[in-house]
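**Student:** Read off the chains here:
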Amino acid sequence: MLHIERLTASVGDKTILDGLDLDIAAGEIHAVMGPNGAGKSTLSNVLAGRDGYTTTGTVTFEGGDLLALTPEERAAKGLFLAFQHPVEIPGVGNMYFLHTALNAIRLVRGQPEIGAVDFLALAKEHMARLDMDPAFLSRSVNEGFSGGEKKRNEILQLSLLEPRLAILDETDSGLDIDALRVVGEGVERLRHPERSMLIITHHPRLLEFVRPDRVHVLQAGRIVRTGDHHLARELEAVGYGAAAAR
Amino acid sequence: MSDVVDILVEREYAYGFHADLETELAPKGLDEDVVRLISAKKQEPAWLLEWRLAAFRHFLTLEEPTWPNVHHPPIDYQDMHYWAAPKPKGPAPKSLDEVDPQIRAEFDKLGISLAEQERLSGVAVDAVMDSISVATTFKAKLAEAGVIFCSFSEAVREHPELVRRYLGSVVPFRDNFFAALNSAVFSDGSFCFIPAGVQCPMELSTYFRINAAETGQFERTLIVAEEGASVSYLEGCTAPKRDENQLHAAVVELVALDDASIKYSTVQNWYPGDADGKGGIFNFVTKRGRAGNRATISWTQVETGSAITWKYPSVILQGDDSVGEFYSVAVTTHHQQADTGTKMIHIGRNTTSTILSKGISAGHAQNTYRGLVKVLRSATGARNHTRCDSLLIGPDCGAHTFPYIEVKNDTAQVEHEASTSKVSDDQLFYCRQRGLTEEDATSMIVNGFCREVFDELPMEYAVEAQALMRLTLEGAVG
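Going down the list, the protein sequences come from chains A and B.
When you line the first sequence up against numbering that gives the first Met the number 0, it's residues 0 to 245, in that order.
When you line the second sequence up against numbering that gives the first Met the number 0, it's residues 0 to 477, in that order.
In isolation and in its complexed conformation, chain A is listed as follows:
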């Protein structure tokens, strides 16, 4: 599904990703963990197509060159990024935003548009599972949301847009334990043989609710160690420096 080979990314003369290799097969959940400054957010930004990075190396997604696509083309091909800091868009209703996004992607996929009534029913069904108040729909996108509400809203979008590859960038940061459980269970529910996930995180807390197939340690812009879910516990016990050295 996703094949990353010798990926480098720099901003100005600062190299952030420095020869990163990563393979994710369909249906797998991978976790990339690393200390602050290791390049975690850069990895998610580069994969989603954010401006401002100079890259070398190759990224193949569903057999095509990912780096050649615009952000919206990547979204239409099924790449979804749950943002670490979801931005506020004043005056734009959440329901309108979600509905427009879903139909934009369906249009590119050749699927018929979903009308407002059907969409509302669909959105409410997904929201109930995430323990979200339907009043969210009538508020402006992320405006005045608490940290936890923003993250839930990201998971709601993830479940509505049904991507092939979901990247979760520090989705667990700033969540209390109850919110963490709701989000974690929501993510686990989205596990599907045709869907891959890349969970980027600083802490292993989310991994108590989502069991990854592979765990990678990212340090200084490259993957320095890979293991199964036990690696996450080891990281928690001994820290990144010691774990990376083993």
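Hints in this document: simulated from the structure, not taken from any laboratory.
Quick list of simulated restraints, FRET-style, between CB atoms:
#1 B:S423 / A:D132: 23 to 33 Å
#2 A:Q110 / B:E23: 56 to 66 Å
#3 B:D242 / A:G11: 44 to 54 Å
#4 B:H415 / A:G143: 21 to 31 Å
#5 A:D132 / B:T353: 29 to 39 Å
#6 B:P64 / A:E161: 58 to 68 Å
#7 A:D20 / B:P394: 35 to 45 Å
All values derive from a computational prediction rather than experimental measurement.
Don't be surprised by glycine CBs; every beta carbon is placed ideally from N, CA and C.
Assemble the complex: chain A is given as a structure, and chain B must be docked to it using the hints.
**Tutor:** Chain B only, in chain A's frame:
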């Protein structure tokens, strides 16, 4: 980000066509003879000619104002026509069916189908082309409610006592340079009269169209709502693309007597000029309302057109407990310049005013909010809340805010908030990551910024305003 600037800079003006109508023109230039000619063409009574001449003589003593934050080559007031009318092809039309088909086709092209307006939409329309009103719909139905809605010329003929009582009562011809000019040479416009206690049964609307070249448009609108009456009025405007600048100097007067309410909405889309700033309408407009006891006057404007906009819809809060509102979206792109805002003059006790201004600037445009909140000694308990938000798109545009506050009564509460923001890369990237194109994302973010103002528009205009905003932001991507 630069793509967004391109989107805005590449916008196309959709109403730039013109019809080859045979037009009757006054000779170029401005003198007493032209004023007399206009008055004679309209077979006006002597008192009105005298009023025009007094205005003209006063105009000659005035200088064009230089304080607005706009820059343009000097306007040669002798190098334009002050009267242009599509030539009648027979006697004046008695019904819509008799309106010149070519003129009707022109309005159809603008999306204002006069016949359909009458049949379907339930909005009464007065269509004004160049100097004259060509059709007014729904007159009979309105007359049943006692509402008068007709062209200004017709009002002068049919209801001279009303016109004489209220003309110049809110905007006297001595008010300012452009108001004096308008008073001397105004050609047509709309007149509405809602008698005491009547809620106008439908939205009233005037559609202004400049068609003729090298012609100024000087219309006048007068709306009177008697005690306890209410009305919602909409105005729209477009003009053909031409390389030269054309002058539009209108006057709008609103009279809301005790307990009356007038809601006045404008979607202004005059030709803004091309990408290099060539051509476009110079829009110098004086709009003001006077509110009696417990009366409400509400201005909502969406300003997307014109090379230059100079306009301050204002409310004189004369009566106790009267309410004034101003909701504005002004968009400037390319080389457009807007200097717009409002004046709220608090005279009565416990008067309240609300100002919400949203300025959007892109390209090389300059967008200025200029507002005056004046609380007189008599206005005990007056309250004002003002919020001015500016949105900048790209590095070469400007937003300016000039709030003037004069308070002579220490019980008044006056609040002013202002913000300046940009369409952020974070917002655009977020939307694009969800599958929206950069163009759709920009349009969505800008519409969101304007939403509180659009919410004040009557439903059908809110939809039109959003579509217009989209069109304004549409362009080269994809």
